[in-house]
Amino acid sequence: MSLAQQGRRVVLAGLLLLGGVYVRALAFTPAQKIFYLHVPAAVTTELAVILVGLAGVFFLFLKDPRLDRFAEASAEVGTVFAGIVLTTGPIWGKPIWGTWWTWDARLTSTLFLFFLLISYHLLRGAVTDAGLRARYGAVLGICAVVLVGFIHLSVYLFPTLHPQPIVLRPGKPGLPPEMLVTLLLSFGVFLVLYVGFVMQRYAIALRREAASHG
Amino acid sequence: MRELLGQAWTVARKDLVLEFRTRTALLSAVVFTALVLTVFNFGRDPTAVATIDLAPSILWVTFTFAAMLALNRAFQLELENGALEGLLVSPLSRHSLYLGKVLANLGFVGVVEAVGLPLFVLFFNVPVGQVLLPLIGVIALATVGFVSVGTLFSAMVVRTRFAELMLPVLLLPFLLLPLTYAVQATARLLAGRPLSEVSGWLKLLAAYDLVFIAVALLLFPHTVDE
Numbered sequence: 001m002s003l004a005q006q007g008r009r010v011v012l013a014g015l016l017l018l019g020g021v022y023v024r025a026l027a028f029t030p031a032q033k034i035f036y037l038h039v040p041a042a043v044t045t046e047l048a049v050i051l052v053g054l055a056g057v058f059f060l061f062l063k064d065p066r067l068d069r070f071a072e073a074s075a076e077v078g079t080v081f082a083g084i085v086l087t088t089g090p091i092w093g094k095p096i097w098g099t100w101w102t103w104d105a106r107l108t109s110t111l112f113l114f115f116l117l118i119s120y121h122l123l124r125g126a127v128t129d130a131g132l133r134a135r136y137g138a139v140l141g142i143c144a145v146v147l148v149g150f151i152h153l154s155v156y157l158f159p160t161l162h163p164q165p166i167v168l169r170p171g172k173p174g175l176p177p178e179m180l181v182t183l184l185l186s187f188g189v190f191l192v193l194y195v196g197f198v199m200q201r202y203a204i205a206l207r208r209e210a211a212s213h214g
Numbered sequence: 001m002r003e004l005l006g007q008a009w010t011v012a013r014k015d016l017v018l019e020f021r022t023r024t025a026l027l028s029a030v031v032f033t034a035l036v037l038t039v040f041n042f043g044r045d046p047t048a049v050a051t052i053d054l055a056p057s058i059l060w061v062t063f064t065f066a067a068m069l070a071l072n073r074a075f076q077l078e079l080e081n082g083a084l085e086g087l088l089v090s091p092l093s094r095h096s097l098y099l100g101k102v103l104a105n106l107g108f109v110g111v112v113e114a115v116g117l118p119l120f121v122l123f124f125n126v127p128v129g130q131v132l133l134p135l136i137g138v139i140a141l142a143t144v145g146f147v148s149v150g151t152l153f154s155a156m157v158v159r160t161r162f163a164e165l166m167l168p169v170l171l172l173p174f175l176l177l178p179l180t181y182a183v184q185a186t187a188r189l190l191a192g193r194p195l196s197e198v199s200g201w202l203k204l205l206a207a208y209d210l211v212f213i214a215v216a217l218l219l220f221p222h223t224v225d226e
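Residue numbers (my numbering), protein chains in the order written: chain Z, 1 to 214; chain Y, 1 to 226.
These are computed hints drawn from the structure, not numbers from a lab. Just so you know, these numbers come straight off a predicted model, no measurement behind them. Mixed in with the good hints, there may be bad ones.
Sample of chain Z residues at the chain Y side, in silico, Cβ under 8 Å [as the list claims (entries may be wrong)]:
id, residue
1, ILE50
2, LEU54
3, LEU116
4, LEU122
5, ALA126
6, LEU140
Distance windows between CB atoms, simulated [as the list claims (entries may be wrong)]:
id, chain 1, residue 1, chain 2, residue 2, range
7, Z, THR87, Y, SER57, 26 to 36 Å
8, Z, PRO95, Y, GLU80, 50 to 60 Å
9, Z, ALA4, Y, ASP45, 50 to 60 Å
10, Z, SER212, Y, GLU197, 51 to 61 Å
If you want the ones that stay clear, here's a sample from chain Y, every Cβ over 10 Å from chain Z, calculated [what the hints assert, rightly or not]:
id, residue
11, LEU5
12, ILE52
13, VAL126
14, ARG159
15, VAL183
16, ALA216
17, THR223
By construction, the Cβ of each residue, glycine as well, lies at the ideal position given by its N, Cα and C atoms.
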C-alpha cells in the first residue's frame, strides 16, 4: 500500500473518530460544541509550526531531504488547521461577542501564524533550485518558531477578550472533567488527522520530485 | 572577536562608501520617507482624530517602509558582476559578512530616520522636546530589530523570483512585533507618561534584538553558501 493510500486511511479513521467525539460532545457534555474543533485545531497548528522549525534545525545539520519534505508537508497542514481556527473562531465570536473579528492579542497572534505559514509557502514557491528551497525553508521555519515564542510572550501583555487558557492553568478551577475528557479525545483525533494529512502531503512531494527528475 | 568586528567594519565601510558616493538609493529613500509622511497628512481627517493619537502609528509605519526599502537593496547591490561570489570566496567569515551588512543597513536606515524624525515633528507638530532621548532610544532598538531579521531575509530573497515583492511578504510578519512594542513605547512617551511605563517595552525590544541577532548569525551562513 502506498504512502498516499495509508495517509487516506488514517485521515478517514480520524474523521470517523471526530464523529465519535461529536456524538459524545452533543449527547453527554454541556454546551460547548465548536470548542472541540477550535481549540484542538489551534494547538495542532502550533505543533505543526514547531515541528517545521525542528525539522529545519535538523535539516541544516543532516541535509536529509526527508526532513525537508516533512517540513513542507507539516507547514501546509498547519496552514489548513490555522484556516480552521480562523473560521471557527468568528463563527463562535459573532453570537457570543457580537463581532466576527477583533484585534485582540490572541486572535492577532493566530493571524500572525497564518501569515507566517503563507509566506513560508510563497518563499518556497519563489525559489527554483531544490537544494536552495530546502535551506531557505529551514531558515524561515526556524525564524518562525522563534517569532512564535515571542508572540506567546507578548500575548500575555495585552488586555484580551479571548477566553484564557483553561486546561494548563495551575491552581484555578479548570474545565469540568467530562468536558476535559472530550477535549483530550478531540486533541487525539486532531493528531491522527495531522498525521494522515502529512502522510498524504509527503507522498505528493515525493511524486513531484520523481516527476521533475524523470 | 576583534577580527570578526574588523572584518565586519570592512564590509560595512565598503557598502557605506558606495552608498554615499552614488547617493541615489539614499536620496530616494529619504524622499520616499518625506513623501510617505506627507501622504499620511492627507490620509487623515484632522478635525476627527487628534494628531497625537495617530502620531506613533504614522512614525512607525513610515519607518517600517523606509527600512524595507533599505533592506531590499542590501544584497541587490552584490548581484551585479557576481560581487556576492567575490565576497564569499574572500577570507571573510560568514558572520562578519552578516554583521557588516547589518552595520551598513543600520547606517542607511539611520540616516533616513535622522531626516524622517525632524520632518515628522515638523509636519505633525508633535511635542518631542522632553522625550527626545528616550524616543531616539526606542527608534534605535526597533531599528536594530528590523535590520537584524531584514538582513538575513534580504540575503535569501535576492536569489528568488520577485525579490522586491518577496522581502516585504516575508519580513512584515516579523516586523509587526517590534513595531507593536515601538508604537506602545512611543505612544506613552509622546503622551508624557513616566519612563517607568516605557521600560517594559524597551526591554522587550532589546530581547527581540538580541534573540534575532543571535538566530540570524547562526542561520546566515546557510543562506549564502552554495
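Comparing the hints with the structure gives:
1. ILE50: This hint is violated: ILE50 (chain Z) lies away from chain Y, its Cβ roughly 15 Å from the closest one there, beyond 8 Å.
2. LEU54: Since chain Y brings no Cβ nearer than about 14 Å to LEU54 (chain Z), farther than 8 Å, the hint is violated.
3. LEU116: This interface hint holds because 5 Å falls under the 8 Å limit.
4. LEU122: holds (6 Å)
5. ALA126: It holds, given that the least Cβ distance between ALA126 (chain Z) and chain Y is near 4 Å, below 8 Å.
6. LEU140: The hint holds - LEU140 (chain Z) has a Cβ within 8 Å of chain Y, the shortest such distance being about 7 Å.
7. Z:THR87 - Y:SER57: 26 to 36 Å: Holds, since THR87 (chain Z) and SER57 (chain Y) (Cβ atoms, about 29 Å apart) stay within the stated range.
8. Z:PRO95 - Y:GLU80: 50 to 60 Å: With Cβ atoms ~58 Å apart, the hint holds.
9. Z:ALA4 - Y:ASP45: 50 to 60 Å: holds (57 Å)
10. Z:SER212 - Y:GLU197: 51 to 61 Å: holds (56 Å)
11. LEU5: At about 24 Å from chain Z, LEU5 (chain Y) clears the 10 Å cut-off, so the statement holds.
12. ILE52: At about 21 Å from chain Z, ILE52 (chain Y) clears the 10 Å cut-off, so the statement holds.
13. VAL126: Given that every Cβ of chain Z is farther than 10 Å from that of VAL126 (chain Y), nearest at about 24 Å, it holds.
14. ARG159: violated (6 Å)
15. VAL183: Fine: 12 Å to the nearest Cβ keeps VAL183 (chain Y) off the interface.
16. ALA216: Given that some Cβ of chain Z is not farther than 10 Å from that of ALA216 (chain Y), nearest at about 8 Å, it is violated.
17. THR223: Non-interface label fails for THR223 (chain Y): nearest chain Z Cβ at 6 Å, not farther than 10 Å.
Violated hints, listed in ascending order, are 1, 2, 14, 16 and 17; each of the other numbered hints is respected by the structure.
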